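Put the two chains together into one complex, using the hints given.
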Amino acid sequence: MDRRALIAMLGLAGASRALAQVNRAIGVKAFRFGVTDVFLHDGAIHLWQDFLQSRLGMPVQIIQKSSYQESLEALRSDEMEAAWICGFPYVVAKGFVRLCAQPGWHGQPWYQSYLITSAGRTQAHSLADLKGDVFAFDDPLSNSGYLVPVVALRGMGQTPQSFFRGTFYTYSLHKVVEAVGSGLADSGTVDGYIWEILHQKRSPSALKTRIVAKSKRYGFPPIVTRKNLEPTLHAHLQHALLDAQSFVEGRRLLEVLDLQTFLLPQEGWFSGIQELSEILDGTHAPIPVGAIYETA
Amino acid sequence: MSTARPSLRNSLLLRLPLVAATLVVLTALLMAAGLGLLTQRYLIEDVDSGAFQAMSSWNKSLPTLIQQDNVWAVYEALTSVTKADVGQQHGAALAVVLGANGQVFASSDPRAFPTARLPNWTPLWTAGTLRLSAPESPVGSVHPGLSPPIQSGRWRLYVSALRSGTGPGVGTLVYAVSDALYQSRLLSMLWWIAAITALAVAVFVPVVWMLSRRMLRPLGELRRSMDLDGSRARRVGTELSVRSDEVGALAGAFTRLLEQVDVARQAEKLAAVGTLAAATAHEINNPLGGMINALRTATRFGTFDETTGRTLDLLDRGLEQLRTIAQALLAQTRPAERDLSQQDFRDLAELMTPCQRERRVGLQTRIDIPNSIPVAAGPVRQATLNILLNACRAAHPGGTLILQADTAAAGLLRIAVCNAGEAPPAAMMSSIGTPSMPLGGVGFGLWESRRLLSDIGGRLVLTHADGWTTALIEIPLRA
Chain A
1 MDRRALIAML
11 GLAGASRALA
21 QVNRAIGVKA
31 FRFGVTDVFL
41 HDGAIHLWQD
51 FLQSRLGMPV
61 QIIQKSSYQE
71 SLEALRSDEM
81 EAAWICGFPY
91 VVAKGFVRLC
101 AQPGWHGQPW
111 YQSYLITSAG
121 RTQAHSLADL
131 KGDVFAFDDP
141 LSNSGYLVPV
151 VALRGMGQTP
161 QSFFRGTFYT
171 YSLHKVVEAV
181 GSGLADSGTV
191 DGYIWEILHQ
201 KRSPSALKTR
211 IVAKSKRYGF
221 PPIVTRKNLE
231 PTLHAHLQHA
241 LLDAQSFVEG
251 RRLLEVLDLQ
261 TFLLPQEGWF
271 SGIQELSEIL
281 DGTHAPIPVG
291 AIYETA
Chain B
1001 MSTARPSLRN
1011 SLLLRLPLVA
1021 ATLVVLTALL
1031 MAAGLGLLTQ
1041 RYLIEDVDSG
1051 AFQAMSSWNK
1061 SLPTLIQQDN
1071 VWAVYEALTS
1081 VTKADVGQQH
1091 GAALAVVLGA
1101 NGQVFASSDP
1111 RAFPTARLPN
1121 WTPLWTAGTL
1131 RLSAPESPVG
1141 SVHPGLSPPI
1151 QSGRWRLYVS
1161 ALRSGTGPGV
1171 GTLVYAVSDA
1181 LYQSRLLSML
1191 WWIAAITALA
1201 VAVFVPVVWM
1211 LSRRMLRPLG
1221 ELRRSMDLDG
1231 SRARRVGTEL
1241 SVRSDEVGAL
1251 AGAFTRLLEQ
1261 VDVARQAEKL
1271 AAVGTLAAAT
1281 AHEINNPLGG
1291 MINALRTATR
1301 FGTFDETTGR
1311 TLDLLDRGLE
1321 QLRTIAQALL
1331 AQTRPAERDL
1341 SQQDFRDLAE
1351 LMTPCQRERR
1361 VGLQTRIDIP
1371 NSIPVAAGPV
1381 RQATLNILLN
1391 ACRAAHPGGT
1401 LILQADTAAA
1411 GLLRIAVCNA
1421 GEAPPAAMMS
1431 SIGTPSMPLG
1441 GVGFGLWESR
1451 RLLSDIGGRL
1461 VLTHADGWTT
1471 ALIEIPLRA
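Protein sequence lines, in the order shown, are assigned to chains A and B. First residue of the first sequence? That's 1 in this note's numbering, and the numbers climb one at a time after it. First residue of the second sequence? That's 1001 in this note's numbering, and the numbers climb one at a time after it.
Chain B with its partners taken away, still in its complex shape (with noise of 0.2 Å):
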């Protein structure tokens, strides 16, 4: 497992936190940007707004006082909105009145637009400069006759052609707002919103921080429970597992895995236990075999007298079952190396002789199968070997086993070893389906059996009906 330290290119528990802090960040960053579209976007409908009603009451008040030739009046009408609108910016509206004859009658500015003389729009527009844009409201449909606002440059302009009653036109009146007006108010707004988005991000940051963390946390004691030795892994793994969501089942699946790989570690200490076994076995089988020879040579031609014949005997039996453990330790440690044949039937025939004469019990043999069988010799072997020791064991004293070997399946060496006897015990019988070890060494054998025959793909039934046992292998024949 790896100890690396977390960082945001390797640790979900930084990455997604951060993730989520960006995301609040971007939101507020978005919104506070619409917030001062939307700002701008009322502000310049309220200069739309208050233009049209300085034009509709200037369009009601100004054509009077022009026929009136009241120069003073209208420069006081003009200037008593500008002021108000300007207040303390300078220069930020303006209203000129032409009359009839095209000259400048009054104007909000008369140093810019002097009186009774033709305007010089320079300080408005410039040829190219006007841009006819639609009101940001529909205040203007209220005000009809009024034309749309212009934009030029800075200036936003409301052109009206003034008339008294329906009478002929007697001027008109430019009103051009300048861009400062609004701008100054949005960027006061706008400091605020950026205040507030500020304050909002500096809030929400640190909780969404601390809560995405939190939520986290579990699987970041997961995390660093793989660097744990087995057992405590085990236990946080254990303690999260309870949970109901994605963490709790993948803990539970973290656990599940660590006892998978006990088992396996487990296994691999029988294989080191089965290859020293094996070693043993081949060193003590060569020298027993000598042994034997000698000791049976010794026996067909020596003379003993009765005690030292009995002696020899049984020095003889413990001499063949020495070698049958040592074959047998042989054969599990070979499973690739030779096909089945039905000399190893015999062998086992030979291997069950010592038990059967300790329980007295008979073996009847059915072997109907080719001299080779493409099947792991060794496995086969021990593991028939296991049940039928298991078979003498429990058959009853005076009783018969059975041994049977066929491939009358296609592709299938099926063997059946049937005792009569007592139903096995519910350990034994259970110990074939578990993949752990059994505890107690009850069933081991078959536990052994079952998972040598698993090696080679094959597998082990054990059944009880009528009193009678049957242990029932299948094994799948190598292509």
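So here's chain A without its partners, still in its complex pose (with noise of 0.2 Å):
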């Protein structure tokens, strides 16, 4: 029997257990999910495979990439399935890939982008006042560790090379807080949910740090699928996403995410980044700095 003939006959109402059913008849390879370190916090990947599998009825994978490009490159190539990434990546990558849910930040589908430095250094209040620095970027397809900072030295007429003393990538959010801490980096640009929650935590090197300013809000990073995934199968991870508050696993998940709920995604969320990905491209103006930074 045809495998997907057979899911679309199931329908989704209730289809956890027929589908795992049919997976095991079928011997069904394992649903991949893809993570970057750029949100992992202790026992996610353990509580993303928990939920995924009580909620897909089929054996989940989580695989961790190193870089947003890593990620987009799986998903085009067809070696996972979904992934939740920026929203900077998704603009890129929206040939092949397609919105699934969108995590709610204190319930809202929005997060910033904070330019930070260490915290004995309270004279720097804006981009301008970090020239000179060595800056930390976090991936070159991170809207808020790449994008954001770029886009606003466009608009001062500047660019990374000529603006600051070095930069680098860490490739993951924390890490950018983290060489900020040390002195590694003078400055750098990290998501706001992200410090937050290390600052919440009292991480030691987010205590080491402060916030420069703070840009206007984003689109948060949204979970995205291949396109050419079964739309059952999008439909029936969609569904779970958004239904994760109504069960336990979800709710464990949510918590150490630090996060509310899964929204039903809107294209719309992600016109400031479609924007700001523009004008890195040049098809777009530059637009001010006080357009894309508030003050701290």
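Among the hints, a few may not be true.
Residues from chain B shown here face chain A by an in silico Cβ test under 10 Å; the list is partial [to be verified]: (1) Thr1064; (2) Gln1067; (3) Ala1106; (4) Arg1111; (5) Pro1114; (6) Leu1118; (7) Pro1119; (8) Trp1121.
I should point out that these hints are in silico values taken from the structure, not numbers from a laboratory. Note that the structure is a prediction, hence the values are computed from the model and not measured. Don't be surprised by glycine CBs; every beta carbon is placed ideally from N, CA and C.
Have a look at this one:
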């Protein structure tokens, strides 16, 4: 029996148990869900796996990628079925991925990019004050960890190379915090969601940093699936995520991630990132720094 | 003998255990010091070994990361080692990577060595503080290209050029390890060494003290016996002399010394008796002479009946015998008063008359000496008289005694007394050779004669052959 046809027959409602039975019957491969070092928290991988397996009714493999580029490559080459990526990679990869669910931080689909520096450097209050620094980026495909400050610099007629004394990538948001906290970098750019959680947990690195400026709100990093994934499986995953609060495994995952819910994503939430991406590509005119960063 | 209380100054019984205990302590301290130095050497060697391993690992991984401009990965590579090395000790290890432009590419302590700036080496060294030192082990030789450690103050530095394959250098790696890294471990191990040393001293010092005191206990007993009276001291010495060690030999010698002291005391007593006898003889001799003269005058010129005549004759012989004894005692107490003369031999012949008469023994004298001979007259007279009396009593009745004297041998007076008769008893023969007074009175005359002669350097030899007993006296002439 054809597996896709069988799933279509079963439908979505109450399909978990039936889907599991079918998957076992046909020897289905594991559902592969990608995460990056960006959003990892202690025990999060295990909780992701528990939650998805319980809700999808099939084996789930959590694949950790070290960069967004690797995540996108894995999605495009069918190595993963879904992934939690940043808004900028989503904008870049719209051709082969689609939105599945939107984590709701404080119940909202928004977050900010923070410019941070060492806690003792109290005189820095804007991007301009960071001139000549060694600056830490997260990932070249990160919205908060790269795109926002670079586009802001473009608005100032600068490039990272001209504005900073040196730059480097950490490929992890919490490592940006650690780089700035240790003094390896004079300043850096980080996801506000990550910085707030680290600060809330009294992370030593985070406590050694302070916020220079916060950006305007952008769409929170979404969960996407590859476009060629079976629609029913996409729908099944989306349904599981949106209904996460209803189950123990889901609540436990949300609690660890410091999220309140998963929302049904809207394309418009990523228009800001789309605009920044176009500015970076040169297809959109630069915008003033003030249109990107609010004061700290 | 000293009865002073034993002290370190005068007692080996305290000093030797103390020396042994001190040696134990010194040995323990010396071993502890050696162990401490060895531990320090091993710890430094361990630091060198770990540093060279880290450098080798970095030499392989860092060049690629530098070429990728991956500052964070280099930082992680450095801190993964320095934080592991440092453990709880903040700032005990430091690694700095310089780029090809000489600026800091990344360091494990970015605040001391900021990224993308020329390094300020002041925290690690200043001019004149560097000291190149050989590695503590040959571990460096298995890592070719690595420099030997450089000591700078409390830091031990390792430097390596970073190369990508066989290409040009892409940077320089400086790894610094603080002495504090091994010193805390050294301190910990030194505490252990000190504790074990203290324990060893606490155990072995009492043991050594007890054993040495135990070994010296017989010596202490011998020492204490010196404060006892003669018999008890001799008993202790006799008990200890059975030992086969040096203490036994010492106890034996001590016992013999005590016996000689007893003999000397006995001789002193005899000398005192002699002095008393001489004084008595002197007091008796003078009135005795007068009594004899009076008796003989009366005998010569008086007329007495037969009974009275026999009585006077008996008195004369008795008084004469008393004078002989008195004179002999006087002669014995004045050993160096005058030289021997021919008259002394005539006196001896006179003194022998009563015994000759009693034993019906004749006396032949062959005196071939000058009128005066430089030997002490008293001892020679007494010794010769004793021997003559012995010979007279030993001679067969009706036999003959022979008294000869000559100076034929140079510097020597030789006197021989011979009598025909039985061989002298063995006790008498042996009494001549022993320093102790013979028991039971047998041979006392000969023993006393030998003693008198030995006092003036003479000797007495008693022989018996062919029915004749000969006593030979040899006395060296005085210078």
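Does the CB of Pro1119(B) sit less than 10 Å away from some CB of chain A? At 14 Å from the nearest chain A Cβ, Pro1119(B) fails the 10 Å test, so the hint is violated.
Hold the hint about Thr1064(B) up to the distance rule: shortest CB distance to chain A must be less than 10 Å. Violated, about 15 Å.
A closest beta-carbon separation below 10 Å is what the hint needs, so does Trp1121(B) meet it against chain A? 17 Å, violated
For the hint on Ala1106(B), just tell me whether its beta-carbon gets within less than 10 Å of chain A. With Cβ-Cβ at 7 Å, under 10 Å, it holds.
Min Cβ distance, Leu1118(B) to chain A: is it shorter than 10 Å? The hint is violated - Leu1118(B) has no Cβ within 10 Å of chain A, the shortest such distance being about 12 Å.
Evaluation of the interface hint that places Gln1067(B) against chain A, nearest CB under 10 Å: 13 Å, violated
Tell me if Pro1114(B) is really an interface residue toward chain A, meaning its C-beta lies closer than 10 Å to one of theirs. 7 Å, holds
When the nearest CB of chain A is found for Arg1111(B), is that gap smaller than 10 Å? 4 Å, holds
Comparing the model with each numbered hint stated earlier shows that hints 1, 2, 6, 7 and 8 do not hold.
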